Amino acid sequence: MSAGVGVDLENLWIRFGDFVAVRDANVHIKGGDFFSFLGPSGCGKTTILRAVSGFLEPSEGNVLIGGNNMKGIGPNKRPTALIFQNLALFPLMKVWENITFSMEIAGASARDRRKRADELLDMIALPGQGDKLPSELSGGQRQRVAIARALCAEPDVLLLDEPLSALDLKLRQHMRTELREIQKRVGITFIYITHDQGEALTMSDDIAVMRAGVIDQIADGKTIYNDPATAFAASFVGENNVFRGKVLEVRGDQALIRTNRSGDLLSRISTANQGKMNVGDDAMMFIRPEALSLAPTGTQGDHFVTAKVNHEEFEGNSFNIFMEGDGGKELKVAIPNHGQSFDDHSGQDMTLEYDVNNAVAVPAGELAAE
Amino acid sequence: MTTDKIIRVSIWVYLGIFFAYLLGPLIIMSVTAFNSPSFPRMTPWECLTFNWFGELFRDERILNGIWNSILVGFGTVILSVSMGLAGALMLTQIWPKLRATYYTIIIAPILIPGVVIGISTLVFWDRINRMLGLGADSFLSNGLFLTIIGQSTFIASYCMLVLVARLQRYDIALTEAALDLGATHAQAFRKVLMPFMMPALLSASVLAFLASFENYNTTTFTFGEYPTLTIELAQKVRYGITPAISALAFMIVALTVFFALINEANIKRKKMIADARKDATVGELAGKIEVPGIISRNPAAIALIVLVIGVVSVTASAMAYSPDQCIANVQEQKRLETEKRIQELRDRRAKEAAEKAAAEGAEGGATQTAPKPSNNSGFGGVFAPNTLNNEGADEGASDEGADGTSNNSGFGNVFAPNSLGTDDN
Numbered sequence: 001m002s003a004g005v006g007v008d009l010e011n012l013w014i015r016f017g018d019f020v021a022v023r024d025a026n027v028h029i030k031g032g033d034f035f036s037f038l039g040p041s042g043c044g045k046t047t048i049l050r051a052v053s054g055f056l057e058p059s060e061g062n063v064l065i066g067g068n069n070m071k072g073i074g075p076n077k078r079p080t081a082l083i084f085q086n087l088a089l090f091p092l093m094k095v096w097e098n099i100t101f102s103m104e105i106a107g108a109s110a111r112d113r114r115k116r117a118d119e120l121l122d123m124i125a126l127p128g129q130g131d132k133l134p135s136e137l138s139g140g141q142r143q144r145v146a147i148a149r150a151l152c153a154e155p156d157v158l159l160l161d162e163p164l165s166a167l168d169l170k171l172r173q174h175m176r177t178e179l180r181e182i183q184k185r186v187g188i189t190f191i192y193i194t195h196d197q198g199e200a201l202t203m204s205d206d207i208a209v210m211r212a213g214v215i216d217q218i219a220d221g222k223t224i225y226n227d228p229a230t231a232f233a234a235s236f237v238g239e240n241n242v243f244r245g246k247v248l249e250v251r252g253d254q255a256l257i258r259t260n261r262s263g264d265l266l267s268r269i270s271t272a273n274q275g276k277m278n279v280g281d282d283a284m285m286f287i288r289p290e291a292l293s294l295a296p297t298g299t300q301g302d303h304f305v306t307a308k309v310n311h312e313e314f315e316g317n318s319f320n321i322f323m324e325g326d327g328g329k330e331l332k333v334a335i336p337n338h339g340q341s342f343d344d345h346s347g348q349d350m351t352l353e354y355d356v357n358n359a360v361a362v363p364a365g366e367l368a369a370e
Numbered sequence: 001m002t003t004d005k006i007i008r009v010s011i012w013v014y015l016g017i018f019f020a021y022l023l024g025p026l027i028i029m030s031v032t033a034f035n036s037p038s039f040p041r042m043t044p045w046e047c048l049t050f051n052w053f054g055e056l057f058r059d060e061r062i063l064n065g066i067w068n069s070i071l072v073g074f075g076t077v078i079l080s081v082s083m084g085l086a087g088a089l090m091l092t093q094i095w096p097k098l099r100a101t102y103y104t105i106i107i108a109p110i111l112i113p114g115v116v117i118g119i120s121t122l123v124f125w126d127r128i129n130r131m132l133g134l135g136a137d138s139f140l141s142n143g144l145f146l147t148i149i150g151q152s153t154f155i156a157s158y159c160m161l162v163l164v165a166r167l168q169r170y171d172i173a174l175t176e177a178a179l180d181l182g183a184t185h186a187q188a189f190r191k192v193l194m195p196f197m198m199p200a201l202l203s204a205s206v207l208a209f210l211a212s213f214e215n216y217n218t219t220t221f222t223f224g225e226y227p228t229l230t231i232e233l234a235q236k237v238r239y240g241i242t243p244a245i246s247a248l249a250f251m252i253v254a255l256t257v258f259f260a261l262i263n264e265a266n267i268k269r270k271k272m273i274a275d276a277r278k279d280a281t282v283g284e285l286a287g288k289i290e291v292p293g294i295i296s297r298n299p300a301a302i303a304l305i306v307l308v309i310g311v312v313s314v315t316a317s318a319m320a321y322s323p324d325q326c327i328a329n330v331q332e333q334k335r336l337e338t339e340k341r342i343q344e345l346r347d348r349r350a351k352e353a354a355e356k357a358a359a360e361g362a363e364g365g366a367t368q369t370a371p372k373p374s375n376n377s378g379f380g381g382v383f384a385p386n387t388l389n390n391e392g393a394d395e396g397a398s399d400e401g402a403d404g405t406s407n408n409s410g411f412g413n414v415f416a417p418n419s420l421g422t423d424d425n
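The listed protein sequences correspond, in order, to chains A and B. Quick note: the first sequence uses the UniProt record's numbering, first residue 1, plus one each step. Quick note: the second sequence uses the UniProt record's numbering, first residue 1, plus one each step.
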């Protein structure tokens with residue numbers, strides 16, 4: 001596979017008046033990668049995308065595409081193509097004219113354009129639909145036309161701004177696989193913006209987790225899920241149970257944390273924070289619902305948690321138990337369903353057990369909003 | 001039940017009155033264009049004639065006025081649509097806090113009386129003309145230039161309102177998408193924004209042309225040596241109006257209705273196609289649309305055909321049908337009626353004179369009291385020159401009649417019912 005063209009952000013700052021939209025972003029995106037910016041709305045991820053595509057000049061720092069500094073180069077001169085959140089298909093042009101707009105600009109003949117449009121329509125599995133207007137297509141079809149239009153410009157980097165957000169759930173899941181396949185086929189760099197952690201985890205080679213203009217962590221999906229660098233990354237990506245407290249003792253890569261409610265618990269310090277957490281620091285500890293299992297009630301120890309059950313539910317593949325947790329948030333436990341019998345425990349105390357390697361400690365910080 | 005009925009009936013009555021109020025003047029004016037009397041009127045109906053159209057097209061000043069109006073109209077369309085588009089684009093680009101202020105300023109010319117705009121245009125450009133040291137014949141004091149500039153001042157605001165409405169529905173991401181795909185700003189403007197704005201640009205153009213065509217109060221200050229149609233009409237009306245003006249009005253009404261119908265048909269057709277496309281594939285559609293042939297796809301062609309048929313049939317019937325005989329008949333009839341009345345009057349006078357003589361003979365002391373002096377003398381005064389005129393005018397010469405009768409018929413009008421009335425008395 002071709003190496004593709006990489007993108008680098010160097011000390012990138014973007015300000016709107018007093019408001020800092022992006023704060024000192026440093027990102028290296030390898031050529032041919034599927035790279036995602038993941039964060040809640042308003043965190044500055046779209047701003048970064050607009051800086052890469054050339055609609056915004058950075059206040060400070062540089063955007064490099066393929067090692068070339070893009071300063072002062074307009075969006076029409078950059079080797080990027082952007083897929084807009086609302087797709088921005090030209091409503092008065094037929095599908096094939098939409099797809100080959102970049103060729104029209106370059107002065108290609110109508111016959112060449114038609115031929116190329118048919119090739120691309122075959123690729124996106126919409127053969128023979130070239131003469132329709134965008135308004136006559138369904139949401140998923142429009143989506144694919146937008147992708148074909150961007151690919152027709154033969155960009156080195158394809159930028160996607162939450163392109164799936166307007167689709168319904170089924171279609172969204174289908175388009176995930178499709179996008180990933182297209183990316184593998186064309187082999188160019190994809191930069192993908194999303195607030196949906198499912199999309200980011202399933203499609204991306206690497207993910208940057210963003211919060212309020214700051215990039216918290218850049219890593220592959222597995223690392224971000226299992227070894228979050230910040231409290232925000234831990235709470236934003238997937239479901240997580242939080243335990244607040246202070247560091248009581250540091251033992252190598254593990255820390256004993258005196259929690260506010262559940263006694264002293266032992267936890268692994270996340271890789272990014274090893275050596276940075278000291279005794280007495282405010283800390284947060286995260287355990288995934290599926291990493292907790294039931295233990296004999298009343299068992300004491302540094303990897304046992306006892307709490308009162310609020311309510312329970314059956315979700316098919318798992319039994320979910322919701323217990324009284326810290327800071328008003330419920331503690332969720334997911335017990336896989338193996339066909340075992342399951343009694344109602346509402347109102348009773350239960351004790352949970354976890355593997356210390358599955359518990360992650362990070363310095364206390366802002367959590368993601370529900 | 002009854003109140004329901006009353007309400008329903010009163011609604012129809014109201015509608016009837018409403019439409020009569022709206023359309024009545026237009027209908028009456030249109031009808032008078034085809035009646036032969038030289039003062040525009042619907043009753044009494046005398047003769048169907050197309051002569052007033054010929055009259056209209058022989059009138060150099062009216063033709064010149066139409067031509068000037070068209071020149072001014074096109075100039076105004078070009079100037080005010082482009083200014084309106086610039087203003088509308090600016091409104092979407094401007095810093096949001098300034099938007100309300102900007103909007104007020106740019107809309108202000110609509111609120112300023114046209115007279116004020118006319119005077120200020122004249123004064124302003126005269127000042128500039130003098131500042132530049134140009135003579136009175138420079139293009140800055142040219143009537144066409146001043147009229148176009150003056151009208152555009154406020155027509156551009158109308159255009160802007162139309163264009164802003166469309167522009168608000170424009171997604172700026174479309175321009176960005178075009179730029180992103182390699183287009184320059186000019187290309188994005190031409191290939192993406194302009195096609196989107198086209199319907200609004202067309203309606204703004206029509207609006208601007210109509211507003212310019214019918215404008216009087218601004219133009220009256222600026223027209224100089226280029227009187228437009230409205231100016232010519234106003235000047236003509238001072239010397240009395242003829243049905244030729246009704247003929248012009250009828251043509252304008254007919255054209256307006258014609259284009260309105262075309263537009264309506266066009267919209268319906270587009271809607272039908274859109275509906276059809278929704279449930280048909282491209283292949284089916286190609287077959288379906290092909291059937292009516294080239295004409296159904298091109299409303300302009302239908303319009304042209306209908307127009308040509310209309311013009312040909314009207315011209316043909318106008319040429320085949322000559323109202324001269326009818327007009328001659330009417331005049332002959334009038335003459336006979338008048339003569340009859342004169343004869344009656346003479347008879348009555350003779351009778352009265354005879355009675356008087358008899359009475360005088362019977363009662364010598366009776367003074368010279370005329371029986372109906374006021375009536376009679378008033379009559380006699382009006383009547384005498386009239387009959388002379390009528391008899392003097394050559395019946396056959398219709399050209400003469402057109403000029404002469406304006407006096408005559410006006411008189412006759414007053415005269416006829418009056419004399420009948422006195423006869424009854």
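If you're looking for bench data, these hints aren't it; they were derived computationally from the structure. Please note that the accuracy of each hint is not assured.
To be verified - Residues from chain A that keep clear of chain B, each with C-beta distances beyond 10 Å, as calculated:
{"#": "1", "residue": "4"}
{"#": "2", "residue": "53"}
{"#": "3", "residue": "62"}
{"#": "4", "residue": "74"}
{"#": "5", "residue": "81"}
{"#": "6", "residue": "104"}
{"#": "7", "residue": "105"}
{"#": "8", "residue": "106"}
{"#": "9", "residue": "109"}
{"#": "10", "residue": "162"}
{"#": "11", "residue": "181"}
{"#": "12", "residue": "272"}
{"#": "13", "residue": "336"}
{"#": "14", "residue": "337"}
{"#": "15", "residue": "345"}
Unchecked claim - The calculated label-pair distances, taken between Cβ atoms and stated as ranges, are:
{"#": "16", "chain 1": "A", "residue 1": "316", "chain 2": "B", "residue 2": "185", "range": "49 to 59 Å"}
{"#": "17", "chain 1": "A", "residue 1": "131", "chain 2": "B", "residue 2": "260", "range": "42 to 52 Å"}
{"#": "18", "chain 1": "B", "residue 1": "93", "chain 2": "A", "residue 2": "119", "range": "37 to 47 Å"}
{"#": "19", "chain 1": "A", "residue 1": "212", "chain 2": "B", "residue 2": "103", "range": "46 to 56 Å"}
{"#": "20", "chain 1": "B", "residue 1": "112", "chain 2": "A", "residue 2": "73", "range": "18 to 28 Å"}
{"#": "21", "chain 1": "B", "residue 1": "260", "chain 2": "A", "residue 2": "169", "range": "43 to 53 Å"}
{"#": "22", "chain 1": "A", "residue 1": "131", "chain 2": "B", "residue 2": "119", "range": "26 to 36 Å"}
{"#": "23", "chain 1": "A", "residue 1": "169", "chain 2": "B", "residue 2": "308", "range": "58 to 68 Å"}
{"#": "24", "chain 1": "B", "residue 1": "185", "chain 2": "A", "residue 2": "23", "range": "45 to 55 Å"}
Owing to the predicted nature of the structure, the values given are computational and were not obtained by experimental measurement. Note that the Cβ used here is the ideal one computed from N, Cα and C, for glycine as well.
Verification of the hints:
no., hint, verdict
1, 4, "holds (19 Å)"
2, 53, "violated (6 Å)"
3, 62, "holds (20 Å)"
4, 74, "violated (7 Å)"
5, 81, "violated (6 Å)"
6, 104, "violated (7 Å)"
7, 105, "violated (5 Å)"
8, 106, "violated (7 Å)"
9, 109, "holds (16 Å)"
10, 162, "holds (13 Å)"
11, 181, "holds (23 Å)"
12, 272, "holds (35 Å)"
13, 336, "holds (45 Å)"
14, 337, "holds (46 Å)"
15, 345, "holds (53 Å)"
16, A:316 with B:185: 49 to 59 Å, "holds (55 Å)"
17, A:131 with B:260: 42 to 52 Å, "violated (32 Å)"
18, B:93 with A:119: 37 to 47 Å, "holds (39 Å)"
19, A:212 with B:103: 46 to 56 Å, "violated (36 Å)"
20, B:112 with A:73: 18 to 28 Å, "violated (47 Å)"
21, B:260 with A:169: 43 to 53 Å, "holds (49 Å)"
22, A:131 with B:119: 26 to 36 Å, "violated (57 Å)"
23, A:169 with B:308: 58 to 68 Å, "holds (60 Å)"
24, B:185 with A:23: 45 to 55 Å, "violated (31 Å)"
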